[in-house]
Amino acid sequence: MTDMSAPGNPTFRPSMLIYDRRYRSMTFQVIVFILVMALAWWLVNNTVRNLAALGKDFNFSFLWSRAGYDIPQTPIPYTSDDTHFRAAVVGLLNTLIVSILGCIAATFVGIIAGVARLSNNWLIARLMTVYVEAFRNVPLLLWILIVFAIFTEVMPPPNAFRGDDPTASMILFDHVALTNRYTAIPTLAMTNDPGSLDLGARITFNWATIAFVAVLIGGWFVRRMIGAWAQRVQDQTGSRPTTWWMSLAVMTVPSLLLIWYFGLHMVPPELRGFNFTGGLNVQNGLVALWLALTLYTGAFIAEIVRAGILAVSRGQSEAAFALGLRPGRTMNLVILPQALRVIIPPLISQYLNLTKNSSLAIAVGYMDIKGTLGGTTLNQTGRELEAILLMMGVYLTLSLIISAGMNIFNSRVKLKER
Amino acid sequence: MSDTHAQTVPFVRDTMLPPAEPPIREAGAVRWLRENLFSGPVNTVLTILGILIVWFLVSHFWDWFAHSIWNAGSLSECRQIIAETWGEGARGACWAVIRERWNQYVYGFYPPELYWRPTMAFGLLFVALAPVLFSEAAQIRRIVLGLAALMTLWLMVMLDAPALWLAFAAVVFLGALLVSERHPAWLLVFSILYPLMGVWFLWGGSAWGPIMVLVGPVLGWIAWRVMHPFSSLAAIVAALVIPVLWWIGYAGEAARDAESIVSFSIPAVTSDRFGGFLLSVTIGVSGIALSLPLGIVLALARRSDMFLVKSLAVIFIEFIRGVPLIALLFVASLLLNYFLPPGTNFDIILRVIIMVTLFAAAYMAEVIRGGLAALPKGQYEAADALGLDYWKAQRLIVLPQALKISIPGIVSTFIGMFKDTTLVTFVGLYDPLKSMSDAVRASTSWKGIYWEPYIFVGFIFFLICFGMSRYSMYLERRLARDHR
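Heads up: the protein sequence lines correspond to chains A and B, in order. For the first sequence, this note's numbering gives the first residue as 1, with consecutive numbering after it. For the second sequence, this note's numbering gives the first residue as 419, with consecutive numbering after it.
Hints were generated in silico from the structure; no laboratory data involved. The reader is advised that the hints may include incorrect statements.
Said to hold, decoys possible - With a straight-line Cα cutoff of 25 Å, these simulated SDA-like cross-link-like pairs (lysine to any residue) come out: (1) B/LYS728 / A/TYR19; (2) A/LYS56 / B/ASN763; (3) B/LYS728 / A/SER403.
On a predicted model such as this, the values are computed, not experimentally measured, just so you know.
With the rest of the complex left out, here is chain B (with noise of 0.2 Å):
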């Protein structure tokens, strides 16, 4: 029968019919909106609440930002445009303000004419960090490494460098770019000479200081070749003793000396006139740089088999967790004198750096603690089976693991350390957010100026901040290596 019927069949469909449309309730736009905004009287109540939320901030906020003001030369005239503009009672933002003192939130008081030594340093600091933070990717080191080359040679040429410098910087970018394609763990040379030309660019003065630093760790390092083949703790010992004996005793005399010799120095430039976002920048790479290594060290003591050890380490960890970092901060401009030999008067900003770190090295040991709790017993076992001594094991098993599950806590200890550096308006130096913007208002012509510099700085922390937490997503995609 059913052939019969297939046959009787005046009309067999060959092709498919093109599928029907969804309902138009169960599609595109209409279907999200159902999904995500109005799936039931709960949400469409809380939609209804977010849309009078963003309301009300755009209906407030919006003539304030579409009224901006880019060119006056004071508070005043702004208003004066706006009122020409926009009609009398209107309101808006001068930003005028950040175009005439941008360069005192960004380096403080420093001379304007060496604007370009602190630009370069902050381009270099790429550089060390590049093996540090992206070596791996290669593509990315190219990215970045380039980027900061094109940025920092541009910005030295509007800041009027000297040709001379001009040069090195492009040399050093060139010759990182060059070494990185074959060898990239040698710029760990250049990372580990940084802290030093660092330093020596922003504060400036006789290059010999830095050098004769140096000198210190290279007789240590000849101390210990020498010492070797007779004793290896004498030579330890040695290594360890000579650098700190040529530091304390002899570093400063030689570079007096060398200085009178050949003179090669550069413009020096005091810590008072630091500030603005030079400043928190300064205190914020250096704080984070010290802290890592220090709250590794107490992370590994507080979980040491030696009592002594270990208790040192929790009353440490616990008294600079206890206490408000302001106070540690007090505890630095007023404190440090009375602790210190009489006479030694050493720079404010040194000062802060060192309580910075031990504070922010404190919490960076609990992060790092937990690291190392969360690691499997097995690991330890495995590196003692293998007949490791601690340290190969610390260093080749268990550090390498226990740092990787704690990257997004030091990173968000970073990020509040860089944030607590604007602390430092409350010993008197000049931090972007509290001390600048009042010294900006200090000034007749922006007398009563507050949102414009609030909103200018909390934005770029906020860029600094995100773009961390950012990168330790991507760091944690990069290093995870289970599950891949």
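The following block holds chain A by itself, in its conformation from the complex (with noise of 0.2 Å):
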């Protein structure tokens, strides 16, 4: 790096190593290493002197003998006959739904709040103002408690809904029944059944399923097809053709196709005996949790989004509008595309901290991966050590995987400096 033998250069002495500014970062780096490797070396050691003194061994076989436990709501097929691998599976599974569905609810409702926050209409603003303020400063798990207790004490128990003249009735034209022991929703069933998918170890995919994804994907790239078809033609003549009914055709028509095929429809939850039937019961766990968490975390979004529409300035639409475009395309091609900039970033570290927010679980009985492999594996075999840095990678890769999706996206709207 530098040249040592240049004239007026004095010749090495350990003292450099210090006072010169060209070695103390190499010094300092050498020093800060030993310092960590001494440190983890301690740890390790420890770790392994102690693990010797109880007679433990560091290894992962407990993962295949098997779990004897019972898991409420399982994702994929499980009983306690199975594994602690599948186990940790159904609760990762569980661990994924409630995050997913969370995540899609909280944007739903920060948009909204964040939107109304920013209302002309003062009761509306207001009124988002106390319920941001409301969630955003108190905990978490009170919110998490009060909702699963709302359920667990003030929901009526099931047989409630029986006879003649029953004490409680259902909810959204009888396709929903609150009850204090799960929410039974309506499920979906088909009259045409394809059959299924077997992937192997008990999991397996309806090929109705396959087929709505595949053609929800393949409408999704005919629709960009669409659009980019749509510019080609307007930078040639000038006039950009209609396309929207051709977007809403393309991501609509197969899918309708398909129901009709299938015969898909929907069967709602009927009280037989002491209990729903039909339906999905959903436990009350999954409920609170997702509903605490969506309302928590829709409350932090609600602020993003005021935050990132407050940052556009005013001068950007005005000069929209001077050029001629309408609203919608205002708000498509000059607002939103610089709200986003400002708006993705923190949706991201929010999106994560739900994900991360979602082993609170564990105050609700819902048996995510905090439960199954953090919790009742750790107890049944002793393996601490094992299970929390299992979990701990389990979340860490969540998270990682996550940050590096949102991250793409975030590159694809951000500001193209040149």
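Put the two chains together into one complex; each comes in its own frame, and the hints tell you how they fit.
Right under this line is the structure:
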């Protein structure tokens, strides 16, 4: 890096390691490296000695022994005879379910509340301020406990829905029943079931689901092609062809055809004996956790959305109007791209927070990965070190995947500087 | 023609007409309503929706709040009183549980005859914070210190504090008020001593422990003074190494010896007696005080040119930010015994504070890094042009501006951390929210009481967190140096 033999450069002396700026950073890094290595060695050495003193070893073979406990809600088939590994996977899927549902709902709540807080309507703006401040300044755990207590203490038991003159009634046109043990929601059924794809390990995907996903992805690509075609026509002729009905048709018609072909319909829950059957009985832990996470994170997202909209200066929309753009295209081409640039980075960290906060599921007895791998499995096998390290690894991977995905999205909308 | 006209006019008004009243639709409450609530069809629908929401909330909860009971011995007694007063089937809030169990929510299982000690520690916290938070505005400083003094002394009298300690607190408050009039910066000495003092007041035991801890830096300073004439490098190394050696090797024994010679101790309170807001505030305040400096160091490390330092900081920050706090708390309660030498077993509250601090510091580092990045490059170059070395440039030019930019983020990290102190319930500590409410519900007289404790605890959390966010807004305004 530096020429040692250059004229005017004094010959190297040990004291230059400290007093010469060229070498000082090297010296400092070497010292830091030694200290960090020493700390790591100390920790590992302690762990090895402690494990030896307790007569334990460090291996993950417990994951393949019989779990022996039940999980109330399992996205993939699971019995108590399955392994701890499968229990951990069930827990991970439960974490993902509540996180994804929460992120979607919180985004909706946040956008509505954020825009409403900027509304000219005095009453709505004040109501939203109260909502945002109340949820942002109180621990999430309190909201989870309160929502859960509302379900378990206030809602009627399933048998209150019975008889000719029941004390409780279902909501949403007799499709949803809120009880103190579970929330009964409708489920989907098909008259023309195409069967399932077996992935092994008792994990199956219905062909209809695969068809729907394929049709939606295909529709999205076709829509982008239509957009590109419209852009090309506009570049050549100066007038943009009307495409909204094509996009709409591409996105909806194939799905509607599939619904008609498979005979997809909703089966509302029905009270048989003491319980609801027919529909899906969702554990109240999941509903309470989802609602609390949604409302709590929604309050934070509302502030992010509000800040993002306020960050776009008024002159931008005025300039767009002056250029003759209509309000819809002003929103799409001028305001949203600039607001999104401000909104997306903090939104990513809210999604990450929501995913991590879903570990509060232990407060309501929802078996997420903290409840299975970091809870019952840990207590049954006594393998604290392995279970907690594995659990932290899973959370870390999840966080990195989410932030990587959102960073790609962010780099696409961010300001293209030259 | 015009002058003849002027002469022939029989009447010229020489006073102004009073301005006409604006049309009723354009003035006062009607105009406000039209502009803010009913300016168009969409707005009208929204207003009606809002009124419906408010009506729904009020109609569902008003009778419950209106029928509040403050004097009762149990939930069944509460319900009986409500039924007698407002008729059978009436609902009502039973705040009597707060009246009867407030001490558990505030102090946990702390010995009741020693309640004055945490109270005094909390009151003196304001003196310690004074030079950091509100030293510039003399008026506010006087109000805050005076109010804190009055409240603390009054509460200590109510809690039967010994006269000696009452006098001590009074002297400290009075001294702080007088000293801060002339030299507000001198209060920093108290701020530095306060952590040790606070720990001693809360946990009690021998005063020699904190004193011997304090001896460490004094020894380091002496070593630095002695060595400095010979070699400044050796002086710095000695000043860093000697206190550490002292703490590891001799401080404990020295404290025991001193205690056996001259006993100077107050009753000790073990960590399992801590609970309620005492626990939350202890963890919160320590975490806040420790995570800010650590966060600054991490942020500087992450922006460092040194590859190794930078990668270590990145790994640490991303690791901590990638796992939930609960997982780290479980590490503190279950795994720390594995990582430390066999036989070490240190306090669970201390372990939790360490983990909460590391957690908050990682978030703090990112917030401060944002502030550092937002600072114009010209500021760094100006510092270099002035010939300042790295630490002087950071201390005098970069950090004051970067920290000012990051105040909102820093305070929201503090708020988040204070809210997260409730999670200690999952490692078996008695937080005010879950564990304490469960403990209250476990008694037969308050079995089945849910809403009142939650609302009470939530309200106090709201007051503290909302206060912090308002303070950060005040601080931003006070520190604004541009566009005045």
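Regarding the pair B/LYS728 and A/TYR19, is the alpha-carbon distance no greater than 25 Å? holds, 22 Å
Check the hint pairing B/LYS728 with A/SER403 against an upper bound of 25 Å on the C-alpha distance. Given that 25 Å is the threshold and the Cα spacing comes to 20 Å, the pair holds.
Holds or violated: A/LYS56 with B/ASN763, Cα cutoff 25 Å? Status holds; Cα separation ~19 Å.
Hint compliance for this structure: every hint is met.
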